[in-house]
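Student: In case you want the letters, here they are:
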Amino acid sequence: MAFPRRKAAGAWPYWALAFLFVVTMATAACEFASPGQPSGAADRSRWGTPAVFTPAHATAGDAIKSFFDSRPDTVAQPFDFSHQIHLSKGAVCTDCHTGVEQGPRAGLPNVNTCMICHSQIATDRPLIQQLTKMQEQGLDLNWNRVYDYQPQAHVRFNHAPHIRAKVACSTCHGNQAEQTVARRAVNMTMSFCVNCHKEKQASNDCLTCHY
Amino acid sequence: MAYRWGMAVDLDKCTGCEACVTACHAENNIPTVGSQQAARGRAMHWIRVERYYEGNFPDVRVKFRPVLCQQCDNAPCEAVCPTYAAHQNEDGLNAQVYNRCIGTRYCANACSYNVRFFNFFNPEWVKPLNLQLNPDVSIREVGVMEKCTFCVQRIKAAKITAKAEDRGLVDGVLQPACAQACPTTALIFGDLNDPNSRVARLSHSPRGSKLLEDLGAEPKITYLDKQPWHEPDTY
Ligand code: SF4
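Residue numbers (the working numbering), protein chains in the order written: chain A, -16 to 194; chain B, 108 to 342.
So that you can see chain B by itself, here it is in the shape it has in the complex (with noise of 0.2 Å):
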């Protein structure tokens, strides 16, 4: 049976380190553009943690979600790119073809999670963090649309090994860059397809939630918290 990939964040445990940023950028080979030029809105963050600051101080309590792209199955950025760049894959991923790309930007426009970044310029690396880039993921150029692709250089590589050696994946060892580097485990990626996987069954928790849930994009990645309704008392 084809595959599923979802993920769900525990936000209850994410504690803000921004590990996963950090991870992301290092395995995607993933540009900054300076302070200048992201005070412009231009910087690029495939996944981001979002702040949010409840309560007046000195009783304030922050928020932390981790923000990526949600590999939505009825995605708004597919179906107004015009070139099919942007395109949902045999395993349900969102996928990004970087050569169809003619940098319209309309899919960044359709995104409601702002989560697609433009490449306003060619990625140039300070010494020697050129030696450092991860020679399985594609350098995007300028005018290329880019985005979260779940780490589908590992996917893949993942696969090749697994039909190698006769056998299919197993759960939890396959991780996204951003996953494998959460120091309290708050992102779980998986199969939603398998029902036993860990990924599956807490998309199923009635912790869970959908960012942006009304928009009706059914976004694979499922953000678990506690719910008001569960401790009235604490809210």
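So here's chain A without its partners, still in its complex pose (with noise of 0.2 Å):
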């Protein structure tokens, strides 16, 4: 019987096999490796928990973008906010930050804080009075998180000891006089903060972070 022979697979040329091997890989750790997302929402495999990579990466895709370190370093603020001409006036991060010496959380201004100084200073700039309107209607501004870790990192972080342990805001911020809105100055990997935390003679035990 003759049926038309087909191309055997060692003709496929191997970079096609090595993608192949790739993806499928990808698609099957995805499926079977699932430590998953701790929201209920996320959305479901056909084992019954959603599909995810590892503890630390929801995805594969996200896993290689890590692993090549290639996260947008900008984030889109609902307002154009320049660090520069404020620290350049003469204002220092904890006039809008203000949690930052007492709490985990650094905290991000809402419109009231900017309408301390903006109820009479530059009032006539078109983004001022944009400010000015919004409070004036009760909205307020959705900051978005410029540095953030994944709930799966299991990290957590407290601002006030570092500020009392004379960490500078740039150290991990990058210097913010030469930044209009906020980038993602440093890359905050663990080995980041180990090795400041052997610097200063800080404690190393895992649950100093990991909990």
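Taking CB as the label site, the calculated pair distances span:
(1) A/A151 with B/E197: 21 to 31 Å
(2) A/R108 with B/R274: 40 to 50 Å
(3) B/G141 with A/Q60: 37 to 47 Å
(4) A/C179 with B/V277: 23 to 33 Å
(5) A/Q60 with B/P290: 46 to 56 Å
(6) B/V187 with A/F62: 48 to 58 Å
(7) B/P242 with A/D63: 22 to 32 Å
(8) B/A271 with A/Q113: 38 to 48 Å
(9) A/T115 with B/R305: 55 to 65 Å
(10) A/A59 with B/L238: 23 to 33 Å
(11) A/T81 with B/E325: 43 to 53 Å
(12) B/N181 with A/A151: 42 to 52 Å
(13) B/V277 with A/D123: 32 to 42 Å
(14) A/F175 with B/S142: 42 to 52 Å
A short, non-exhaustive set of chain B residues, derived as facing chain A with CB atoms under 10 Å:
(15) E197
(16) D198
(17) V204
(18) N206
Some chain B residues well away from chain A (every beta-carbon gap over 10 Å; in silico):
(19) D278
(20) N300
(21) G323
Read the hints as simulated data drawn from the structure, not as lab findings.
Think of the CB as a built atom: it goes at the ideal place given N, C-alpha and C, for glycine as much as any other residue.
Please dock the two separately framed chains into a single complex, following the hints provided.
Tutor: Put into structure tokens, the structure is as follows:
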């Protein structure tokens, strides 16, 4: 019987085989090794649990991105805030990020914080007028976080003890005087934290951050 | 000096109300798995209250024994973990690092007290219960082992405040959720390294014993109980 002969697998170019292999493995990894997301809202694979790659990365794509460090440095913000202008006029970080000395979170300012100064200063600028309008309408600024951890990273960070230990804001956040809308200037890997803790002889016990 | 966290459980005080269990679930974001999965042994309770019956009807006495991770000095779970996810930290806590855990479940098999729990599912909370989650505690995902941490988030917070105020920790102020919730103060938590702390004194009480002591795991939890040799007539 003469079936039309198909090309043997050996005739496939190697790069195509390699590519196929990678895609298959990534899909399989997604499907089977599925430690997952804490929210109940994630979509479900046929195994009843969300398709997730490793505890630290939600998908194979995320893992690859993180491996090649290709997370975008900028995050779109609801408002064109310039750190550069404010710092050049003598404002300091704690003026707006008021929680930083007391607790875990530095805090992102709301419209009212802006208006403490801007009810008087630069009221003729279009952006400030936009801000005034927002306050009148009872709207607030929905800032997006620039630095963030995946919940699966199980990392806790508390700002206050770092400030008390005299770690400069710029150590972790870069020189804001050069930034307009905040960028991710420093890549906060675990070794970044661990090295500093070693230098300052702070605890490097796992439970210091992971719990 | 480093701390060494331990607990004393007064069995003569425990009424079996399970307030500790509830408090622990609330504090540590412990999910429930539903009755079917619980029947298959997949329920998670970092602390449970075991019931023992003594005597025959109608002279039955019920005894309650809250069982949580014994924070062993010579922990069998640590030795078997291939990734060092279970390890002893500098405060003598038997720590579980969720990031490292790859879910072999060796530790749960090695533990003699049955206090380690595997996440067979991603946790889910019926709305609006998701709004009561404790932001200071990780939400563990499927494939990860978890167990009592002695409320390490509270220990951390207390230490940070104490350092900021340049003082030591005050005995009895720092409590894990179970001890705080216990209406009869049957659970006493504290620093075993401080000879004057309540828990250190109670740990040396003649009423004290350890759970499955002869296994040699050296637990840091002492159970206080009226011992038969105290009042032989009553037993
Ligand atoms: S809260 Fe106290 S009295 Fe109630 S079961 Fe737990 S240990 Fe016993």
